[in-house]
Every structure is written in C-alpha cells, then in structure tokens.
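Trainee: Listed here are the chains, written in short residue letters.
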Amino acid sequence: MPLLTLANHLTDYPTPKNLNYWWTFGGILTFCLITQIVTGLTLAMHYIAHADMAFESVEHIMRDVNYGWLIRYIHANGASMFFLAVYIHIFRSLFYGSYKAPREIIWIIGIIIYLLMMAAAFMGYVLPWGQMSFWGATVITNLFSAIPLVGEGIVTWLWGGYSVDNPTLTRFFTLHYLIPFLILGLVVLHIWALHVPGNNNPIGIDIKKPSKDTVPFHPYIVIKDGFALLMFMIVFAFFVFYAPNILGHADNYIEANPMVTPAHIVPEWYLLPFYAILRSVPDKLLGVVAMLSAILILAVLPWLDTSKIRSAVFRPLYKQFYWILVADVLILGYVGAMPAEGLYLLIARVATAYYFLHFLVILPVLGFKEKTLPVPLSITEPVLGGSPNLAAARNKESKIE
Amino acid sequence: MSEKKTKRRDFLFTATTAVGAVGAAAVVWPMIDQMNPDASVKALASTEVDVSSLTPGNTLTVLWRGKPVFIRRRTQEEIDEARKVKMEDLIHPEKDEDRAKNPEWLVMLGVCTHLGCVPLNDKGDYNGWFCPCHGSHYDTSGRIRKGPAPWNMEVPKYEFVDANTIKIG
Chain A
32 MPLLTLANHL TDYPTPKNLN YWWTFGGILT FCLITQIVTG LTLAMHYIAH
82 ADMAFESVEH IMRDVNYGWL IRYIHANGAS MFFLAVYIHI FRSLFYGSYK
132 APREIIWIIG IIIYLLMMAA AFMGYVLPWG QMSFWGATVI TNLFSAIPLV
182 GEGIVTWLWG GYSVDNPTLT RFFTLHYLIP FLILGLVVLH IWALHVPGNN
232 NPIGIDIKKP SKDTVPFHPY IVIKDGFALL MFMIVFAFFV FYAPNILGHA
282 DNYIEANPMV TPAHIVPEWY LLPFYAILRS VPDKLLGVVA MLSAILILAV
332 LPWLDTSKIR SAVFRPLYKQ FYWILVADVL ILGYVGAMPA EGLYLLIARV
382 ATAYYFLHFL VILPVLGFKE KTLPVPLSIT EPVLGGSPNL AAARNKESKI
432 E
Chain B
336 MSEKKTKRRD FLFTATTAVG AVGAAAVVWP MIDQMNPDAS VKALASTEVD
386 VSSLTPGNTL TVLWRGKPVF IRRRTQEEID EARKVKMEDL IHPEKDEDRA
436 KNPEWLVMLG VCTHLGCVPL NDKGDYNGWF CPCHGSHYDT SGRIRKGPAP
486 WNMEVPKYEF VDANTIKIG
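Sequence lines, in order, name chains A and B. Going from the first sequence to this note's numbering is simple: count from 1 and add 31. Going from the second sequence to this note's numbering is simple: count from 1 and add 335.
In short, the hints are calculated from the structure, not lab data. Here the structure is a predicted model, which means the values were calculated and not measured.
Here are the simulated SDA-like pairs of lysine to any residue, each with C-alpha atoms no more than 25 angstroms apart in a straight line:
(1) A:Lys-350 - A:Gly-229
(2) B:Lys-481 - A:Ala-371
(3) B:Lys-430 - B:Asn-456
(4) B:Lys-458 - A:Leu-377
Only chain A is shown next, with the shape it has when bound in the complex (with noise of 0.2 angstroms):
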C-alpha cells in the first residue's frame, strides 16, 4: 500500500494547480535524504569508529581516499542544506497553515522526523572527534544530567564511562548509521499521510479532486520539482566547491583533547536558535525545558492555532506576525552564535520570551479577534473573474515567492 502510494504520488496524483515554488521543498528534501545515505554509506567504508583513529581516519579520507574530500564534503554541507529546506519547508507549512486539520498526523510526523534529523546531525558531528565534536558531545549529553535525581545515572549510561570517550564514539556511530534509514521509513509515512487530504495549497481552501482545480502530478509537478531541484542543486554545489568550511568551525581541525575546552562553544548553524533559548534561562533545569519546549511545542501547534483560515493570505494580522516570529527566529540564531553575556544575552532573554509569546497566547487569541479576508470558494474562481479583494490577495502573494 505505501509502494503504491509512493508510485501514484509520482504519477498521476491529483496537486492543486496553484502550487507555487514553496511547494517544492518536499522533494528536495528526498533528495537531501537520499544524497545523505549515499555518501553516508560510502564515507563508512573508509571512517574508523575508535577514538584513537577516528581523527587520523577522517583526514585519510580526506587526503587519500579517491575522491574523499568531495563525498566528505557533500555530506557534511549537505547536512546544512538538510536543515535550509526543512526550515523552509516548515515555514512554508506555518504560513500557508498546512499543519491544520485535516493534516495534523503529516505535521506530527514531520516533527517527528525534525527531531530525528537533530539527532543524527548532532551525532553525525561527533565522529571527526575533532574539538567541537568532544565538546559539543560533553555540552548536549550533559543536558540529561538537567534531570533530578537520575540524571546522573542517565549521562553515565549515554557515555558509557565517566566522559565523553571511546564507548561513546561508537554507539554514536551506530546510532548516526540507524537514523537515516528510520527518517526514511517516516519520510514514507509522511507522504503516504498526504494522500489521503492530498496537498495544502496558497490560499489553504479545500477542493475536490480530481477536478479543474487540480494537476496530475506527472509531468506538471515533476518539472517545477525538478527545476528547483536545480536551482537548490547550484546552490549546494556552491558550497561544496566554493566554501566547504564555511558552515564548520576551525577547531573542529584540532583533535579532542578532554583536558582543554575550547574558548567558545558554539554548535551547528541550524541548532542555534534552541542553543540560544537554552542559555537565555540561568537556571540549568529550566533552561534545559525551556529549549525542549521550543521544539516540542510545535506538535501541538494544530491546536494552538484557533483560526479557521488556513493561509496567511487571507489572515492581515497573521501575516504580520509570521514576519515577527521569522525575525525572533532568525535574532535567537544570531545571539546564539555570540557570548551569552550583556546585550546579546538580554536580547536572548527577551526573543525567547517573544517565542513562546507567539506560540501560547497570540496564536490562540488571534482566531478569535482577527477579521479575515473573504475566502474564494475554489481556485479557478479568482482567475474567471474574482473579487477585486481575491486580486489584492494574489498580488500579495505573488511578492512572497
């Protein structure tokens, strides 16, 4: 049944006619996935899981192995180009209101393989055991520790020892190995879940399929998909071939040294808004909540969000506070990268409590106070001849591609 799903989504699946580039994002993030297990498994052929060779081991295949450097290099930008979809693919959902009912299971699952993808990345980043890998391990294991009681014994247990070590090295390597392949098996139930309302659209109004409103999949959307496939492709090759280092860190070239910390901790670029909420809050066990809340709040947003309206299209007060939140988020990410002291550690304070402002009390109150812009009654609608409202709409939409 998911097969068959999987074929006809490639096929002749019914997609609204009005998907605009947004919507693309769904198959460049297969293509991430994939391009990650491939270079994956052939990275694993020549890595060495001790902590005694994982060093010198990810060096030989820089220097030595044919070809190496470049499978090294499309795998670990290609985790950032992982998390620049995602994040536009979740932004997309929270403008256009594809996580209300009826797709709440999609959205759920979604999150589901976000926190995933945080996981394999972070364990991902550990076997260089470069600096930055010891050290990030030491600082994210040790969350746990947040917890009364046994936490102790939770840390201890994740290590494998008394630190960060040789026993940790490879369960990270095996765990890291495993991931990819349950985010798969996700990735599937994901799109076999939008089968069944099929795809959100711009002005987020539900319609008939088959029917005018609606496209076969192949070959409309196979050749917009692939076409900003392309484009995402030219940017990525861009950073394998033009900047492979410029999303790492410098000390991730020194190897692990358990006695020396290096002067700033900082992690990878997409972790950095929840780092940033983490440090925000001086007492440990809290700010260890705070920052899971951040992620976790996110499944249930369906519920937080009282507006009947889906897209933001038609939502004025709405649209204006996804600008705001897209600002908080991008500000955390930012003072997330700097000292957590004086202003940038105000700043932090201050765009942490914004966030869950805009999550626990503007996004159920505003269901209810916002006055909605008319909604068309299908797609075809506006384009035979709509309200001059339905054209305003249009061409505001228009701006945000």
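Use these hints to put chain B onto chain A, whose structure you have.
Mentor: Below, chain B alone, put in the same frame as chain A:
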C-alpha cells in the same frame, strides 16, 4: 459455579502476564545495561599523582576517568579568601574546611557542573575559575558563585599516599 471459573481464569491470566513481564524485563535489561561503563572502564578507577613539583599558587591538571582533575596548591591568601566567605552568600553552601581537608591542597574535578566544560584557572570574578562555555564563576574553593552552574565543582575521593603522592579514586 460460574464465579469460580472466572477466578481460575483471572489467576492464569495474571500469572501468565507476570511471568511474561519478568521474561521481557530479563531480555530488555541486558540490552540497556550493556551501555553502562564496562569492566575495563571501571578498572581505571584510580590514579596516583606525584605532586612534589607543585609550588604554591599553581595548579596541576591530570586525567582521571577521562575527566580532568585540578590539583591546586593554594596560597595563604587564597585559603583565607575561601574560608571567610559566609555560607548565606553561596549558591551551593559547603565549607572550605570540608572541601579541602588539608587547606593547602584543593583537589577537585575540573568539570563545570553546568554542562561539563573545563573551567579556566585564575579567572573570573572570584579569583578562582571561570567556565568559558556559559559563564560560570567559581571561587578559590571551587564553589559556584555566579552563573548557570547549579553546584560546586565536585571533590573526588582522594588521599595522600605519602607526602608527595596523591591517589585519586
């Protein structure tokens, strides 16, 4: 009559479930426990350090169980500073007398109790240690004074084997 039958079934059902649960736990536990520190890791539980070369005001850092241990030979100034601190000023109240049995020697894990980074010597607002990761300040007794760390740096089990040798663990 029917009541009696039900009871027999209940018993069998409960007994089967209980045995099944014990069996499942017996299978699951080894899978979980294999991740705990193994015998070879535990075997490295103690280390002996020669501290004869250490002069007052200096710190020796040694590796024990994969973690750095700070051995500080404190100056009289540092000892006085640590001992005159009032308990109510401390986030995690501990007397310096309890942390350093021999006041000249402070032995503790060089691991920040926040998220496990190694604090820097002779830094911070309290002349002790400063953790560069998230800004925790420790005093000359290794006690947390300011910042996100919840506890003082841990004092491990140690003893002087002779005048110049400390055994940690």
